[in-house]
Amino acid sequence: MILDKTDKYREDNRLEAKAAQGGLPKSLWETISAFANTAGGVIVLGAREHKDGSLEIIGLSNAHRMLDDFWNAALSKDKLSARFLHDDDVRIETVDGKEIIVIEVPRVSRTMRPVFLNKDILGETWRRAYTGDHRCTREEVQSMLRDAEATSGDSRIAEGAEMGYLDYDTVRKYRTRFSFANEGHLWNDATDDEFLSFLGAIARDERGDLKPTYAGLLMFGRDCWITRILPQYFLDYRQQTGTSTRWEDRFTSITGDWSGNIYDFYLRVYNKLKAALKVPFKLDGIERVDDTPAHEALREAIVNCVTNANYHERRGIVCIWDEDALTIANPGDFRIPIEKAMQPGESDPRNATMLKMFSMIDAGERAGSGISRIFHGWKEAGYAAPVYREEYGPDRTILTLPLVGVSNGVSNGFRQIKPADTTAPLSGKSMKTQGEILEYLTENGLSKSADIADSLQISVSRTNELLKDLISQGKVASVGKARATKYKLSITDRNIPK
Numbered sequence: 001m002i003l004d005k006t007d008k009y010r011e012d013n014r015l016e017a018k019a020a021q022g023g024l025p026k027s028l029w030e031t032i033s034a035f036a037n038t039a040g041g042v043i044v045l046g047a048r049e050h051k052d053g054s055l056e057i058i059g060l061s062n063a064h065r066m067l068d069d070f071w072n073a074a075l076s077k078d079k080l081s082a083r084f085l086h087d088d089d090v091r092i093e094t095v096d097g098k099e100i101i102v103i104e105v106p107r108v109s110r111t112m113r114p115v116f117l118n119k120d121i122l123g124e125t126w127r128r129a130y131t132g133d134h135r136c137t138r139e140e141v142q143s144m145l146r147d148a149e150a151t152s153g154d155s156r157i158a159e160g161a162e163m164g165y166l167d168y169d170t171v172r173k174y175r176t177r178f179s180f181a182n183e184g185h186l187w188n189d190a191t192d193d194e195f196l197s198f199l200g201a202i203a204r205d206e207r208g209d210l211k212p213t214y215a216g217l218l219m220f221g222r223d224c225w226i227t228r229i230l231p232q233y234f235l236d237y238r239q240q241t242g243t244s245t246r247w248e249d250r251f252t253s254i255t256g257d258w259s260g261n262i263y264d265f266y267l268r269v270y271n272k273l274k275a276a277l278k279v280p281f282k283l284d285g286i287e288r289v290d291d292t293p294a295h296e297a298l299r300e301a302i303v304n305c306v307t308n309a310n311y312h313e314r315r316g317i318v319c320i321w322d323e324d325a326l327t328i329a330n331p332g333d334f335r336i337p338i339e340k341a342m343q344p345g346e347s348d349p350r351n352a353t354m355l356k357m358f359s360m361i362d363a364g365e366r367a368g369s370g371i372s373r374i375f376h377g378w379k380e381a382g383y384a385a386p387v388y389r390e391e392y393g394p395d396r397t398i399l400t401l402p403l404v405g406v407s408n409g410v411s412n413g414f415r416q417i418k419p420a421d422t423t424a425p426l427s428g429k430s431m432k433t434q435g436e437i438l439e440y441l442t443e444n445g446l447s448k449s450a451d452i453a454d455s456l457q458i459s460v461s462r463t464n465e466l467l468k469d470l471i472s473q474g475k476v477a478s479v480g481k482a483r484a485t486k487y488k489l490s491i492t493d494r495n496i497p498k
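So for the sequence shown, full-length UniProt numbering puts the first residue at 1; every next one is plus one.
Simulated from the structure, these hints should not be mistaken for lab results. Accuracy of the hints is not assured; some may be wrong.
Distance condition first, Cα-Cα at most 30 Å in a straight line; then the derived BS3-like pairs of lysine-lysine [unchecked claim]:
hint : residue 1 : residue 2
1    : K173      : K356
2    : K26       : K77
3    : K119      : K98
4    : K77       : K18
5    : K278      : K379
Quick list of the computed label-pair ranges, beta carbon to beta carbon [what the hints assert, rightly or not]:
hint : residue 1 : residue 2 : range
6    : Y168      : E206      : 20 to 28 Å
7    : G160      : K486      : 18 to 26 Å
8    : D52       : I471      : 51 to 59 Å
9    : I336      : R204      : 30 to 38 Å
10   : H376      : D348      : 15 to 23 Å
11   : E194      : D348      : 44 to 52 Å
12   : L122      : G22       : 26 to 34 Å
13   : D257      : R204      : 29 to 37 Å
14   : A73       : Q232      : 33 to 41 Å
15   : N62       : G435      : 43 to 51 Å
16   : E248      : G22       : 56 to 64 Å
17   : I254      : R204      : 25 to 33 Å
No experiment lies behind these values; they were computed from the predicted model shown. Glycine included, C-beta positions come from ideal geometry on N, C-alpha and C.
Generate coordinates for the entire structure from the input sequences, incorporating the hints supplied.
Here is the structure:
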């Protein structure tokens, strides 16, 4: 029964209930297009969804006739641009003696996208966001069409780019790393242009002139030239490991004091983020081993981010180091479902040429096991499980790498949290947890957020957010600034919610 699975779909707005008392609603087809172009979902005809998320079953007076009407329209070339629904995706179910129609819309493959209506690709292509179905912009349609291509888009010549757009200092750094990883390789004796051609970073255009490919421009170009070709391109690193609202360390691609390209960003951001990792004392003979499974996982995570990014999308690549986690986010969704991408051997990178470039210096996994290596390496290092999530409109993929450990009876030097918290989001408001914070402050008086977090066994970042909300409610007051900030019950309100 579909009602047994509604909670799973409701969490990320992949459940849609429609009363459908007057027949098939027009919005039904918009929702089918939206679900197919996003992450899939379930539509229930003959039900209403209340504000609290519960479903009220109304039933359909003639579900079988409506089901026939549905298939007549769905199989018509004039309605849906592609046939992707199967017989078992659409069915009649009976709940409390009332018949409803359940439509389980799959996430279609990228080669079939965009799914649009009424032969109108620009006006009737829909996607799903947290606010519901929205009509796609021209840019969103173009993005899906690019992803539908059989060849990797970054292998194409970057229209309008010139060889002078490349930063040869970056090329030399890459070649040094390449020669170290590939001793005796024939490419090591090639000229720079020959090497870049072999790598797929440059290619000859129709007139026979050498031009950068998108992969070459992104990996080895300078930001001022990259943004001429890809105006939305932006790279951002931030470190905020204290209670201050200001970043302790930050750099972006637009400052002009470094190349601003992907390869240099990879080197810089990895050297920054690896400082967050715990390095146990371990010897290989008489040499100390500083590279842990977490270091390998971090490299894979950064490479996965930059090689799956959609550089035509807004908001750019952002890497953040805060007290409790490393967060790595890129524009664009996964091209295959996350669950499938996490399986060894499954991979569909958006920028396959760039991934090849990283793999040739042992910095990325081409065999389709990169994401599974991220999860395995992080677990081996004793950290809580990583969490991937996708956002839509604009599309975004966000990876959270917790810097806290899981209570498992093994002392690893990390602050411990309960396993149940490893999948909980680090944001959001919980009245129950707010009540526990108020109880803690009642018993302990003036306290640091880290002490509250340890007692309640939740993350510091989540604790800070809950405290901020309690301050806005007038129930908690802060004392001091920056790292010295402490919290106490407000004098004006000492009522603890039950």
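For each hint, the structure was consulted:
Annotation: proposed proximity of K173 to K356 holds, straight-line Cα distance about 17 Å (limit 30 Å). The suggested pairing of K26 with K77 holds, with an alpha-carbon distance near 17 Å, which does not exceed 30 Å. Between K119 and K98 the alpha-carbon distance is near 35 Å, which puts this suggested pair outside the 30 Å criterion. For the hint pairing K77 with K18, the CA-to-CA distance comes to about 24 Å; that is within 30 Å, so the pair holds.
For the hint linking K278 to K379, the alpha-carbon distance of about 13 Å falls within 30 Å, and the restraint holds. At about 25 Å, the CB distance of Y168 to E206 agrees with the hint of 20 to 28 Å. G160 and K486 have their C-beta atoms about 56 Å apart, which leaves the hinted 18 to 26 Å range violated. At roughly 28 Å, the beta carbons of D52 and I471 sit outside the given window of 51 to 59 Å.
For the pair I336 and R204, the supplied restraint of 30 to 38 Å holds, since their beta-carbon distance comes to about 32 Å. Distance hint check for H376 and D348: the Cβ-Cβ separation is about 20 Å, which falls inside the suggested range of 15 to 23 Å. Remark: the range hint 44 to 52 Å for E194 to D348 is contradicted by a beta-carbon distance near 30 Å. Take L122 and G22: their Cβ atoms lie about 29 Å apart, and the range 26 to 34 Å holds.
At roughly 33 Å, the beta carbons of D257 and R204 sit within the given window of 29 to 37 Å. Remark: the range hint 33 to 41 Å for A73 to Q232 is upheld by a beta-carbon distance near 37 Å. The hinted window of 43 to 51 Å between N62 and G435 holds, with their beta carbons roughly 50 Å apart. Separation of E248 from G22 is about 59 Å and conforms to the stated range, judged on CB atoms against 56 to 64 Å.
Distance hint check: the CB atoms of I254 and R204 are about 31 Å apart, consistent with the given range 25 to 33 Å.
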